[in-house]
Amino acid sequence: MPDLATLSDQLLITTILLYTAAMLAYGVEYAFGRRGTVARAAVRERVLVGAGGLPPVEVSLPSPPEGSLPEAPVSPGGPAGRTVPDRSPLDYVGGLAVVLTVIGALVHVGVLVTRGIAAGRVPWGNMYEFAISVCLIAVVAWLVVLTRPKRVAVRHLGAFVMLPVVLLLGLAGTVLYTRVAPLVPALNSYWLKIHVSAAAIATGVFLVGFATGVLYLIRDAYDRAVAAGRVARFPASLGARLPAAEGLERTTFRVTAFAFPIWTFAIIAGAIWAEAAWSRYWGWDPKETWAFISWVVYAAYLHARATAGWRGRRAVWIVVLGWATMMVNLFGVNLVITGLHSYAGLQ
Amino acid sequence: MTAVSEVLSTQPEPVGAPPPRAGLGATARRWWRQLTSMRTALLLLFLLAVAAVPGSLLPQRPLNPPKVAQFLGDHTTVGPLLDRLGFFNVFGSAWFAAIYLLLAVSLIGCLVPRIRLHARAMRSAPPPAPRHLDRLPVSSAPALATGTPAALAAPVRSALRRRRWRTVVRDLPDGTVEISAEKGYLREIGNLVFHVALLALLGGAAAGAMWGWQGNVLVTEGSAFCDSTQGYDQYTLGRQVGDSDLPPFCVRLDRFDAAYLDSGQPSLYAANVSYGTGDFARRYRIKVNEPLRLSGARVYLIDHGYAPILRYTDRYGQVFSSPSPFLPSDITTMTSDGVAVFPDANQKQGETQRTPNVEVAFEGVYTPTAPEIGPKVRSVFPGERSPGITLAAYRGDTGLASGIPRSVYSLDQNQIQTGKLKMLGAKFLRPGQKWTLDDGSTLEFVGTREWAGLRVDHDPGQDTVLVAAVLMVVGLIGSLTVRRRRLWVRLAPAASAAGTGTVVSTGGLARTDPDTYAEEFGRTVAEIAASMPSMPSEKD
Ligand code: HEM
Chain B
1 MPDLATLSDQ LLITTILLYT AAMLAYGVEY AFGRRGTVAR AAVRERVLVG AGGLPPVEVS
61 LPSPPEGSLP EAPVSPGGPA GRTVPDRSPL DYVGGLAVVL TVIGALVHVG VLVTRGIAAG
121 RVPWGNMYEF AISVCLIAVV AWLVVLTRPK RVAVRHLGAF VMLPVVLLLG LAGTVLYTRV
181 APLVPALNSY WLKIHVSAAA IATGVFLVGF ATGVLYLIRD AYDRAVAAGR VARFPASLGA
241 RLPAAEGLER TTFRVTAFAF PIWTFAIIAG AIWAEAAWSR YWGWDPKETW AFISWVVYAA
301 YLHARATAGW RGRRAVWIVV LGWATMMVNL FGVNLVITGL HSYAGLQ
Chain A
1 MTAVSEVLST QPEPVGAPPP RAGLGATARR WWRQLTSMRT ALLLLFLLAV AAVPGSLLPQ
61 RPLNPPKVAQ FLGDHTTVGP LLDRLGFFNV FGSAWFAAIY LLLAVSLIGC LVPRIRLHAR
121 AMRSAPPPAP RHLDRLPVSS APALATGTPA ALAAPVRSAL RRRRWRTVVR DLPDGTVEIS
181 AEKGYLREIG NLVFHVALLA LLGGAAAGAM WGWQGNVLVT EGSAFCDSTQ GYDQYTLGRQ
241 VGDSDLPPFC VRLDRFDAAY LDSGQPSLYA ANVSYGTGDF ARRYRIKVNE PLRLSGARVY
301 LIDHGYAPIL RYTDRYGQVF SSPSPFLPSD ITTMTSDGVA VFPDANQKQG ETQRTPNVEV
361 AFEGVYTPTA PEIGPKVRSV FPGERSPGIT LAAYRGDTGL ASGIPRSVYS LDQNQIQTGK
421 LKMLGAKFLR PGQKWTLDDG STLEFVGTRE WAGLRVDHDP GQDTVLVAAV LMVVGLIGSL
481 TVRRRRLWVR LAPAASAAGT GTVVSTGGLA RTDPDTYAEE FGRTVAEIAA SMPSMPSEKD
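Keeping their order, the protein sequence lines are chains B and A. Under my numbering, think of the first position of the first sequence as 1, with each following residue one higher. Under my numbering, think of the first position of the second sequence as 1, with each following residue one higher.
Derived from the structure by calculation, the hints contain no laboratory data. Computed from a prediction, not measured in an experiment: that's the story for all the values here.
Some chain A residues near chain B, calculated using beta-carbon distances under 8 Å:
#	residue
1	48
2	53
3	265
4	289
The C-beta atom is built at its ideal place from N, Cα and C for all residues, glycine as well.
Extracted from the complex, chain A is given alone in its bound form (with noise of 0.2 Å):
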């Protein structure tokens, strides 16, 4: 195209380049110009997004551990390769990081001469005008009008000001006035916001990594649990938090609700919780979409299930009951699969050498809706309609004692295969029902209670990745919607039979969006005429 669309780019224009100088200096200025080139950030952007797709692909390790165990088992030779090159956290892998790392040092060598060049733009006057006005890709022919150009700058630029042109005056010695005009100031700032908040965007997000926490725990109705690595079942702490960064409160769940349709799709859950530092004074109803923020915390609901109360009565009398958390095997019918283990039954009281061998332990499953008919492991409604338990008992050692631990979800197979723990039989027990063992103890299946999962989530840099985010959508649609625009008006003095009179000329010139242009400089010159007085025609 012709030369329009060199200007197409608010870019502003180089500087002129430094002279060429040998030496270690010469070469890193190269590279570093290389780097902050707008072709090296179109490759840096492809790249990362190339290097986002196997994070999408592969099994990542910090979203489901147990899918990538999965595909190392099955891809044993491409598996570990993939591994140790980081496939499995792509998103924390070097290589993901020195792409974006590469991107956000382009971007500041970019954006560093872009607001000095932009900033002196904007204290600088619009340039003078061109001396041809009418090569410029815009122009209108020159018209008289009458009044000397002095007397007309006045409403030429303030027909110009009133569109919010930026303008400046120029007093030739011929007599001759210029105006130069220009707007659009805008759109540079917009992209300049655009790539600032993108970086405080990845400043905002490394500080969450870097001083936020998250911990995981299952409580059951009724129990508790404090804000201490010790409380969690699972944590994670960034690398500049320790454990007595976490803010000390205690969180107990009072009661779960569950509410489902017919079709067994979930309506609600919600978590009604109490809690407080030092005693559980202040109440919260948590609900999937509505954590309980606490400052400097902010606690989720992200799963639930049912914990079976199972109250074993051993043969010498002594009972022990507490509520199971069962783990759903499928979340659509919420059949869950668990364990209650007693390690301390069947022990004569008084006795201090222990019996070996007597140790008691169910698995089962539970339902919460048992079909009518047919086998009852599998439910059938993910809400308690028809609640029942299939339970096997085992006597003999499980494995607890050994003092390796291991899943309170499922019991130790090599325990069973080696003989050391025995199965005695299997039942189906509906709430209140009874099962007396062969040795005369009985299991009581009492009820359930529900258990929640929770998160909780500290992230310190998430306000100011909000903010940024924010900045950027604003900063583009500056950058996007502001047109980049000059304008020239050439008032000369021009002597006629009429008295004075100055010959009008304009031109324009778009910075952005040319094709746009004449359409907007033809109103603005239309406007430009309206504000001054004719010349008389020779009719009159």
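So that you can see chain B by itself, here it is in the shape it has in the complex (with noise of 0.2 Å):
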């Protein structure tokens, strides 16, 4: 019989090899690929609509702000728009790229799957196991975005979804690692399934939120040192590469418009259990206050989006600051406050 807890502790540095992997083969397609190969999916197609007994219906759309055409020659073969198959060596990188955070995902399964039945539960009973349950749901979160065809191209950007994915694991192993172990009582919950589960999914996909987030930020620096005549100094430098503004405006308040309702469902749930446990549903614990703060910024972020003077780079600088208090909210409270919610699993 192997030791499933061992084996869950091999696995996890199995996944943050493959991740760290993955990380290169972004970076690689980032750093050397074509500007081109960005902008092209970026362009809008006309709609042709034909349906019926009626000639076509030509649908015209909105001109794409500026910004999101293409600012280099797209393919050498053909005009943008068109989806000419062309592959370059740098797009068998990304496919590999892609290719080993799928393996890593999977290999990342198994290490909650091999800890949960070593211990006998479900695998977030502490703050290791929750961290790499976050960690997890952002890398499914980031291959969710890859699939949608119709959104910019952003392949190449997932390097900077696997940076702070690799550094959460590699920190979750060393500073926050518990050894197998069940659940104290107060945890013994269904609510705590439902509660921390749904806390991870929201945490994982703010993190895709943050991460889409500061790259527009990098881009945006970047439009505005292009437009002054001014050479883009790093980090506004990246931003050449990056797919326009907009679309990563857009994606980030997608992303995290998402992830609030969950966010809100997770302290909700949260609070339901705290009345069970521990006779009333809110108490400022120091975890619920920074969950309320984080819920705070974030509604404020949403506020904000829609006040004008605020839309753009400062409403996208508020998602960084909600992601500063949620980490605040794993490392800090856990590590340097103490509250009720100590079962981080750390003395």
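Using the hints, build the complex out of the two chains.
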């Protein structure tokens, strides 16, 4: 009988290695890719609608806002908008990155499954396991973004998602590591499964929104430098190879708006659980307080995006701030401040 | 961006600003508009987030009073200042309340007009088509169809209705028929539900604070407590709650169960209780996540510990015995500290005069699993595998008679320092072992009972809060996923060689998520096209 707990630990190392390799491959595609591969998919085509007995109806679309048009000649063979099967070695590197991510994600699932079996419970009973679950959600969310063909082509940006994931996993495996143990009585509730899984999903998706938000800010800084006739300096210089700012902003909003109700639900599930475990649904325990702070910050983001003068750069900074508060909750509150949520398993 | 983004928000268009008027009323109105603006809401949200931060960084009195005292002791200059500013009770402070009350007022001021506007929008028909459909963000080029505009209007309308568009058909004098369609009203409804539910949640929380109460009590196996302020070791009543509002019931702890893994991690806590009003007829097993829910109160298991039973036989042969709850000083091993005080010991029976300085007290450390080797003052496991107690015996004046209320878990150090209470010696005892003191009196460590820390709580607002919270999520999902769109179809009569025909043109405007509308618009137009017979083409 293999020791499943040890196997889980080894799989975690494998996962980190696979993700690191994927990150490098994404990075190569990013660094050496032509801008055209990026811009190509961003061009919107005119939609031709032909149906029934009517002659085809031509639907005209709003002209793409400035910035989303390709800035460099696209593939040598054809005009923008045509999908020319054009495979360069870099496409294979990018494909390899995705394959590595998928294999990594499967091993990642293995980490949690073996951990769960070894502990005889759901594998998110302490902070180590929670952080690992969050990372899996982020990777899956990233893969989902990749499968959406109509969106801006973003594959080469994978390095920006894998970097925080690899860092988080590394931190989890070292700073947060806890040996397998069953749940303490307070955590032995089905609300744990609901609350923690919702929190992990929301956190993972917020992470992707944070990543695209940072990319937006880089691209935006680059655009402003170009518009002012300045040479973009690092990190704005990275913006040259990023998709149009508008698309990144929209993706940031979509992803964050998707995560927000889940986060709201996670807090509510936590409150229901707290009512059963600690006699009150809300008690301003540090973990609750920071969950509230994150919630308010993300709510502020949704408002800012609907407020003239805040849309765009300022609003996206709020997303960055929101993610910072999530990290304070994950690391700061568990490691520095002690509260009722000292389930981290760290002594 | 273009004009499209101006309509991104589902916020109803502002009603024309009232003409400027001088005077107080105008100033007030201006302030009110300022307070209820989105920008102010944004600012207040940030303030709320920032204000919550010290509540997690500084010790808070409602959560941990000793830590606050320690902080005040360590920071003698900033401490009192922070204290005066309410930083040790952030969530009960006036400034925190000011922020959320302002936010609530702003929210109400924002919601009332929006509800009114949306109610009007729900009742009114979608607006007439703009003159130039082709100038709209999305549009389709005019196409020719057979049949009169009036005949085509019906299938177009039902095609739109099938997709849950709200439609209105307008006949123009020149024979043109225009169909205006709109969908996505649920978005604003969701948004309003969310914000109203948020207010309801605040109301529920406030009601809980006004009409709720909590009590804490420590009960040893075999004993009971009753729900009254005298029955609790410590209690908090809401502002509107009086002593007589507590429902009468009593709870007895029959047995406490705890189980631990070999690593010492607890795997089960359960308090088996009997309870009732006037009797103990009903039974329940309270676990950590399974409180006893009575009407008007919930009883929780929040703590536990050991109560050693010490039997003292004084020099005259009188026996005193009672379980003395010890408090764990280390919850991972359940090393526990406590005292047993016998103020009435060593009094000769029949004497009217009280003999002074013969009170007896024992202070010590209980170790449920005393280590095999080394000093026995630290337990190595939380369960009772090898129980033992290390006691120090004292005789003299315990100070209890002075009537000053003091802790029942430790001796008055003052009495010891001033020599009024003298230590006689210390000893480690196993259950059943006896210790004979210098005056011939004996102490026997009989065994232990467990005690449970119970908390009784009543919060009349919590059901409201739960319902409001669920509505918030539902409203939120509606307001973030439903898309608000407008679509117009113009059916203009066209004479042609083949008979009566109609020129069909369409246009659309997205009021939210404009970038995803094109595809949806294309699909809808295709469905409209499919619903109408086409013009016979030349080749026929
Ligand atoms: C504790 C306070 C508040 C919280 C947590 C909160 C939360 C939210 C959330 C999560 C949304 C997103 C829903 C959406 O995008 O449709 C939203 C939208 C909105 N909120 Fe609030 N809100 C608060 C206070 C306010 C106040 C005071 C106002 C009025 C000034 C307001 C006006 C709006 C408006 C107009 C929208 C819709 C945005 C749009 O136009 O699409 N909110 N709010």
